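K.L.:
Take the sequences, apply the hints, and build the full model.
For reference, the chains in residue letters:
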Amino acid sequence: MNGLLNFIRRLGATAVEGVWRIGFAARFFVLLLRHSGQSLTRIHLTVREIYFSGVLSLLIIMVSGLFVGMVLGLQGYETLQRYGSGDALGVLVSLSLTRELGPVVAGLLFASRAGLAVTAEIGLMKTTEQLDAMDMMAVNPIARVVAPRFWGGVISMPLLAALFSAMGVLGGWLIGVVFIGVDNGAFWSQMQAAVDFRFDIMNGVIKSFVFGATVALIAVFEGYDCTPTAEGLSRAITRTVVTSALAILALDFVLTSLMFRGQS
Amino acid sequence: MRRTTLDLWVGFFVIIGMAALIFLAFKVGNLGASNGGETYVVNGQFDNIGGLKVRAPVKSAGVVVGRVKEIRFDPKTYRAVVSLSLDASYQFPRDTIATILTSGLLGEQYVGLEPGGDEAMLQTGDALQITQSAVVLEKLIGQFMFDKAAEGSAPAN
Chain A
1 MNGLLNFIRR LGATAVEGVW RIGFAARFFV LLLRHSGQSL TRIHLTVREI YFSGVLSLLI
61 IMVSGLFVGM VLGLQGYETL QRYGSGDALG VLVSLSLTRE LGPVVAGLLF ASRAGLAVTA
121 EIGLMKTTEQ LDAMDMMAVN PIARVVAPRF WGGVISMPLL AALFSAMGVL GGWLIGVVFI
181 GVDNGAFWSQ MQAAVDFRFD IMNGVIKSFV FGATVALIAV FEGYDCTPTA EGLSRAITRT
241 VVTSALAILA LDFVLTSLMF RGQS
Chain B
1 MRRTTLDLWV GFFVIIGMAA LIFLAFKVGN LGASNGGETY VVNGQFDNIG GLKVRAPVKS
61 AGVVVGRVKE IRFDPKTYRA VVSLSLDASY QFPRDTIATI LTSGLLGEQY VGLEPGGDEA
121 MLQTGDALQI TQSAVVLEKL IGQFMFDKAA EGSAPAN
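Chains as they are written, first to last, in the numbering used here: chain A, 1 to 264; chain B, 1 to 157.
FYI, nobody ran anything at the bench for these hints, they're computed from the structure.
Because the structure is a prediction, the values reported are computed rather than measured.
A couple of the hints might just be wrong.
Claimed, not checked - The list that follows gives simulated cross-link-like pairs (lysine to aspartate or glutamate, EDC-like), each with its CA atoms no further than 16 Å apart:
hint, chain 1, residue 1, chain 2, residue 2
1, B, Lys59, B, Glu114
2, B, Lys27, A, Asp196
3, B, Lys69, A, Asp196
P.N.:
In structure tokens, the structure reads:
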């Protein structure tokens, strides 16, 4: 009896904690937006963060994109060949990359490459009381530290996802056309006939934008909210990666069902 | 790191990101190929559109001249009304025939336009007078079987 009561009590505490955190995250987001002015007027703060989250992620994004495209080319050709439509390889590679894989995989990589670093940085600042020190000097830590990192992520992510898709298409082309010997003209022309700029590519860009904002928000929030101990910091970093991955995959399902359902 | 170096790298990043987007738009996607530009819309009534979908190509002599804009059902005539948005640089006579065709045996369906000989050209909102419905494979097979059966029983009478 006592054990059951304890279990229910613990469940209640977890639920209350969860709701409290969501509410805190929402208030934090509003606060972040209200203090974003400085990250635009002092643009070099944001530029610095674009360097750290965007430029330094370039290599991993481009190499992963190339390999994902190459694997798609190999596997896709294998299957399409059975139905005698190996020429449609370009369509398969480009549609799966621009619609789904580009934004999602780039988002996951971005979360583990850049989001994690942001959480660690802000968390360590909090642990070593740098954020409090800023507050004492009448420098708002949200405007000075958090907002530029958020906007840096939001701006970097769509560019990285576009690069990922472009490299993937090149990877698919490399395997399909150069190594396997699919006709070069058929590869590109069927791709261009099937991929619509507004429908496929812009929806992919919108997706990557949403994922970028989600990952950046989760990263800065977990860093700002972490328990200021070594253990709390490590937990916050873990939570950033796990929550970002889950949020990206769940949001991707929602966005896909809104954008592509019932059309072609 | 010095601020100018930082700016240089970020500028480089933005440029190759934009280049990737432009590559996707023009090389992978169909932007720049008869997508933008002026169009005009004509309607056609079909008995049966088969599997025609919105955004399917409209072709004349095999060249894409437009897209299917909208498909709806007319409750008065019990026929399907298909709106075609055609490229304004291609003008067609008033008595053009619209046919729903299939590319290949199992390919996607598209609308084929067969130009007539009228002097006047189609304008926005005009209706195509002569249309030909999609060939429904099941109907064709059914008809064929019916004919065969009728053939078989004919000598008995």
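K.L.:
Look at each hint and say if it fits the structure.
P.N.:
We went through each hint and held it up to the structure:
1. Lys59/B x Glu114/B: 9 Å, holds
2. Lys27/B x Asp196/A: Distance ~11 Å between Lys27/B and Asp196/A Cα, so the pair holds.
3. Lys69/B x Asp196/A: Holds, at roughly 14 Å.
The structure fails none of the hints (numbered hints given earlier).
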